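J.: Those sequence lines, one after another, are chains A and B. Here the first sequence stands for residues 1 to 249, numbered as in the working numbering. Here the second sequence stands for residues 1 to 269, numbered as in the working numbering.
It should be emphasised that the hints constitute simulated quantities derived from the structure, not laboratory data. Note that this is a predicted model, so its numbers are computed, not measured. Don't be surprised by glycine CBs; every beta carbon is placed ideally from N, CA and C. Incorrect hints may appear among the rest.
Said to hold, decoys possible - Interface residues of chain B toward chain A, partial, derived using beta-carbon atoms under 8 Å:
# : residue
1 : Ser132
2 : Ala139
3 : Ala142
Claimed, not checked - Restraint-style ranges between C-beta atoms, simulated for each label pair:
# : chain 1 : residue 1 : chain 2 : residue 2 : range
4 : A       : Glu142    : B       : Asp200    : 54 to 62 Å
5 : A       : Thr226    : B       : Ala24     : 44 to 52 Å
6 : B       : Ala34     : A       : Glu118    : 36 to 44 Å
7 : B       : Ile209    : A       : Gly23     : 55 to 63 Å
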Amino acid sequence: MRRTVIEVVGLHKSFGPNHVLRGLDLTVEKGAIQVIIGASGSGKSVLLKHIIGLLSPDAGRIYVDGEEITRMSPREIMRVRKKFGMVFQTSALFDSLTVAENVAFPLRVGDRQYGEEEIRRIVREKLALVHLEGVEHLMPAELSGGMKKRVALARAVAHDPEIVLYDEPTTGLDPITVESVNDLILETRDRLQVTSVVISHDMASALYIADDIAVLKEGRIIFRGTPEEIQRADHPYVRRFLHPRAARP
Amino acid sequence: MGDLGRGALRLVGTLGDIVLQVVADLGGMARMGARLLVLTIRPPYRLRNLLSAMEAIGFGSLSVVVLTAFFAGAVFSLQVSLAFSLFNAETLVGATIALSMARELAPVLTALMVTGRAGSAIATELGTMRVSEQIDALATMAVEPEHYLLVPRVWAGVLTLPLLTAIFNLVAILAASFVAITVENLSVAAFWARIPSWVDPKDVIGGLIKSAVFGLILSLAGCYKGYNATGGARGVGLATTQAVVLGSVLILVSDYLLTTVMLPWWRSS
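Chain A with its partners taken away, still in its complex shape:
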């Protein structure tokens, strides 16, 4: 049995009167691709921001590698964050920096001192991992949506994190780019042996890349299983995600 690297217990979060997370429980195993699927506004991004310590819960606990991050000081959370890389829905590339400077950024601000030659080598290596070469000098504004996602992934894995979080990685992309991003998520896991947490509302992508899928509704996980189990599920909400047209009355 694989080791649990992330454990979320009874997570609650409200924004004013909006109770977004309502006692959410989740475990993520080392090396797995865990997809969390849910409709817009179901609390997926909020959950992801809790896992990396960008938001504090109203109640509940989150453990990363056995350490409870919900009780940590901001400085201790910074230490734990070094285990993570994150790919944002909007890519969140620094628009005043070139592609190479974006990918090099986690290396320059981290604890370890890298030489300039080493940084250049790592940037080339990570861009090659996402099948991008010769774009080092370009600015983010000069890239297509798919290229931005690739650069964001290269930046997220530049410092060799143990866990990569993906926030809606395929949203807003054309079907061909969606396929290539999905392949990249699989390839990144296989080549770097990272644990991946992907939040999405794209069931086709989830079925393709996931080891385990958790379905989020109204702030709770209402169903969990492998892609095969999800496809066999008779839960009405899960079936609506699988077959949105057929489920309509």
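Let chain A serve as the given structure and place chain B on it in line with the hints.
T.: Showing chain B alone in chain A's frame:
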């Protein structure tokens, strides 16, 4: 209740909202300022970020400051020359302009121009970074965004404004002397003679201290509004406008308070 009563009530309500918003902003800025002070002494010290912010605020604002200084000096010279010629006090023109510039006009006009140019740019840049998740991205890389983004910008404001104010003083007095001598036919000696005896180094230093405070206000207002921007492009636009309005109002109010505090010092010989 008649229309007049309802209108008056609405006016009072609106004024109340504005006062509450200003108080909330002041509190938020004070909290942010205190936090940035703590973060300033915490390593790593990012000198490159500070120099880059100083270049953006200082060098970027130089042309607009020089232009403002030139015309402020020139117009002030015309007005003062005309007024003083009415009672044959032309020899006081240079000293009056130099004193007004050093104590008030240079720090205030420089700060207002830099607020419009650099304070708004700070709010826009940070606001865009906030709504496009770039600030969250920084945090996920174990970088404290406030330490990385805000500390250099606020210190750049504090350090750069006195330099720009000194340049304003110089350009304005040269422009004033040029206009007084060429347009108003004052002699070079008449313009410059009284300046050394009227203008004390304390006047200039007081003005530069004021400008450092104004630099803190305008950069902190830009950082506070930009960093807390929400709601996409509209939110960024709103944050930018609010940063300029808040910065400008606080500069004018603090100028009065600082002048009140400095007057006894300036008066002492």
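J.: If a hint holds in the structure, say so; if it does not, say that too.
T.: Hint-by-hint comparison with the structure:
{"no.": "1", "hint": "Ser132", "result": "6 Å, holds"}
{"no.": "2", "hint": "Ala139", "result": "6 Å, holds"}
{"no.": "3", "hint": "Ala142", "result": "4 Å, holds"}
{"no.": "4", "hint": "A:Glu142 <-> B:Asp200: 54 to 62 Å", "result": "56 Å, holds"}
{"no.": "5", "hint": "A:Thr226 <-> B:Ala24: 44 to 52 Å", "result": "51 Å, holds"}
{"no.": "6", "hint": "B:Ala34 <-> A:Glu118: 36 to 44 Å", "result": "39 Å, holds"}
{"no.": "7", "hint": "B:Ile209 <-> A:Gly23: 55 to 63 Å", "result": "56 Å, holds"}
Hint violations for this structure: none, all hints satisfied.
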